[in-house]
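Peer 1: Numbering (the working numbering), first residue to last: 30 to 496.
Be aware that a few hints might be false.
[What the hints assert, rightly or not] Straight-line C-alpha distance at most 35 Å; calculated DSBU-like pairs for lysine-lysine: (1) 363 <-> 304; (2) 337 <-> 363; (3) 156 <-> 433; (4) 364 <-> 337; (5) 242 <-> 136; (6) 364 <-> 449; (7) 242 <-> 133; (8) 300 <-> 364; (9) 449 <-> 473; (10) 437 <-> 423; (11) 133 <-> 102; (12) 450 <-> 491; (13) 158 <-> 450; (14) 364 <-> 473; (15) 433 <-> 449; (16) 170 <-> 153; (17) 425 <-> 363; (18) 437 <-> 450; (19) 102 <-> 363; (20) 457 <-> 481; (21) 473 <-> 425; (22) 481 <-> 437; (23) 304 <-> 158; (24) 433 <-> 242; (25) 156 <-> 170; (26) 133 <-> 103; (27) 437 <-> 449; (28) 475 <-> 450; (29) 473 <-> 423; (30) 481 <-> 156; (31) 449 <-> 475.
Derived by calculation from the structure, the hints in this document are not laboratory data.
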Amino acid sequence: MLEKIDLLKYQKKRHRKKKVAGSVMIIAFLILGTLFVSFKLFYVPKELNAGTGFFASLSHLVISPEKDITAGKKNINILLLGMGGIGHEGPFLTDTMLIASIDKDNKRLAITSIPRDLLVETYKFGKQKINHLNSYAEVEKASSGGEFTKSVLEELLHIPIDYYVRFDFEGFKSLIDAVGGLDVDVPRTFTDPLFPREEIGDGGGGTITVTFKEGYQHMDGETALTYARSRHGNNGEGNDFARSRRQEQIILELKNKILSSETLFSLSTIKNILKTLDDHVVTDVSAWEALSLANTYKNLDISSENIKVNVIANGPSEPLYSDYYNGQYVLLPKKQDWSDLRTIANNPFDDYSDEKYTGTYNNTEDILLVILNGTSIGGLAGGTALTLEDFGYKVKDIGNSPQKDFEKNVIYAINVPEEKKDALMEIKRILDANVAQTIPDWLKEKIDYDTKPDFVIITGTKSLEQI
Numbered sequence: 030m031l032e033k034i035d036l037l038k039y040q041k042k043r044h045r046k047k048k049v050a051g052s053v054m055i056i057a058f059l060i061l062g063t064l065f066v067s068f069k070l071f072y073v074p075k076e077l078n079a080g081t082g083f084f085a086s087l088s089h090l091v092i093s094p095e096k097d098i099t100a101g102k103k104n105i106n107i108l109l110l111g112m113g114g115i116g117h118e119g120p121f122l123t124d125t126m127l128i129a130s131i132d133k134d135n136k137r138l139a140i141t142s143i144p145r146d147l148l149v150e151t152y153k154f155g156k157q158k159i160n161h162l163n164s165y166a167e168v169e170k171a172s173s174g175g176e177f178t179k180s181v182l183e184e185l186l187h188i189p190i191d192y193y194v195r196f197d198f199e200g201f202k203s204l205i206d207a208v209g210g211l212d213v214d215v216p217r218t219f220t221d222p223l224f225p226r227e228e229i230g231d232g233g234g235g236t237i238t239v240t241f242k243e244g245y246q247h248m249d250g251e252t253a254l255t256y257a258r259s260r261h262g263n264n265g266e267g268n269d270f271a272r273s274r275r276q277e278q279i280i281l282e283l284k285n286k287i288l289s290s291e292t293l294f295s296l297s298t299i300k301n302i303l304k305t306l307d308d309h310v311v312t313d314v315s316a317w318e319a320l321s322l323a324n325t326y327k328n329l330d331i332s333s334e335n336i337k338v339n340v341i342a343n344g345p346s347e348p349l350y351s352d353y354y355n356g357q358y359v360l361l362p363k364k365q366d367w368s369d370l371r372t373i374a375n376n377p378f379d380d381y382s383d384e385k386y387t388g389t390y391n392n393t394e395d396i397l398l399v400i401l402n403g404t405s406i407g408g409l410a411g412g413t414a415l416t417l418e419d420f421g422y423k424v425k426d427i428g429n430s431p432q433k434d435f436e437k438n439v440i441y442a443i444n445v446p447e448e449k450k451d452a453l454m455e456i457k458r459i460l461d462a463n464v465a466q467t468i469p470d471w472l473k474e475k476i477d478y479d480t481k482p483d484f485v486i487i488t489g490t491k492s493l494e495q496i
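Make the full structure from the sequences, and use the hints.
Peer 2: Below is the structure:
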């Protein structure tokens with residue numbers, strides 16, 4: 030009999046994790062947007078000939094007419110796009126895509142998350158994953174990706190999108206360096222033996238070991254981002270709660286450093302910040318529109334508990350289903366007229382938690398799984414079980430594998446009937462797993478075949494990235 034664990038404990042942690050991680054991303058975008066707008070307001074337009082300093086900028090503010098850009102609008106919708114940037118694989122792929130909807134009358138904020146694997150039809154590039162649109166448009170014409178992505182989403186969701194802001198995450202590193210680094214209070218010493226080398230940008234592969242000592246440390250951009258991104262640290266730092274806390278710590282330290290008197294009274298530092306923002310932020314929000322927005326929404330409460338988050342996802346009770354197009358995993362709407370997605374986008378403040386979407390998607394409740402932990406890291410089998418249960422799969426048993434040296438997740442699938450091959454491919458995609466068609470002897474002895482599992486999954490260390 031396989032070892033049991035308390036799934037309820039993991040379920041509670043999982044829901045909290047999603048909320049915390051989502052809040053950090055939203056706060057990061059809002060802070061970066063605010064910083065960009067704040068500095069842009071005092072960036073002197075080229076057409077001003079008399080004076081180039083602070084007072085010239087101030088005079089330009091005074092003589093510019095005020096505009097109420099929210100007049101006659103129910104909500105202001107702003108598309109937020111996040112991409113890796115130069116130096117990353119797929120630098121212009123927008124792996125973060127959020128629509129921020131601001132309710133003028135009630136001073137509230139809703140965020141609708143658009144999945145990157147959503148397949149859409151475009152008038153320029155045919156059928157493409159939505160996170161590719163920015164990249165294709167940039168190849169055709171520099172700095173056009175945000176506007177093109179915005180126009181496709183407007184047509185797709187039947188909503189007006191007033192503005193877009195695109196930020197590449199390499200900009201965080203550059204901003205930290207621009208202000209001379211950050212003094213960060215590390216709450217406890219920890220070591221991460223599995224930090225991906227590709228994330229430090231030296232072109233190498235595999236993993237490296239990184240260590241941070243307790244106490245205040247001065248960090249440059251690369252060190253600060255390594256600290257924020259670490260996933261597999263010991264001493265209580267190997268979970269998403271700790272990672273989210275570190276990310277928020279770095280973001281808030283950066284905001285405080287930029288808005289400090291030390292920075293604001295240093296012309297050279299401000300010049301470096303402006304250059305970084307120009308290099309890493311692209312938007313169609315003008316300085317005067319930003320000023321109008323800031324004045325209108327100055328009392329907006331953006332604390333995480335007051336942000337309504339809508340995640341458009343796939344699953345038995347969700348509006349999307351998974352499929353393959355030209356060999357690529359994609360998401361498609363169950364209703365071909367896109368009505369479910371349009372309802373969410375047009376009414377972002379409504380509660381959809383009890384909605385049950387209908388459609389042609391054949392859910393996977395008839396698939397039985399056995400999941401074994403193939404590492405010495407506790408809780409991976411339970412966390413993986415919760416991930417798959419979110420997609421509607423039934424996990425019959427979980428336990429520990431006799432072999433503990435798995436890095437990649439492996440699905441053991443023998444003589445899979447035709448009607449279950451789609452489920453196999455979806456699980457493979459969800460877990461980023463390899464598929465094996467023979468079962469080794471050591472595994473045969475572990476499986477209770479009375480349960481008749483369809484697939485046996487062995488979790489590897491990389492499963493930490495999926496749960």
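Peer 1: If you check each hint against the structure, which ones fail?
Peer 2: 1, 3, 5, 7, 8, 14, 30
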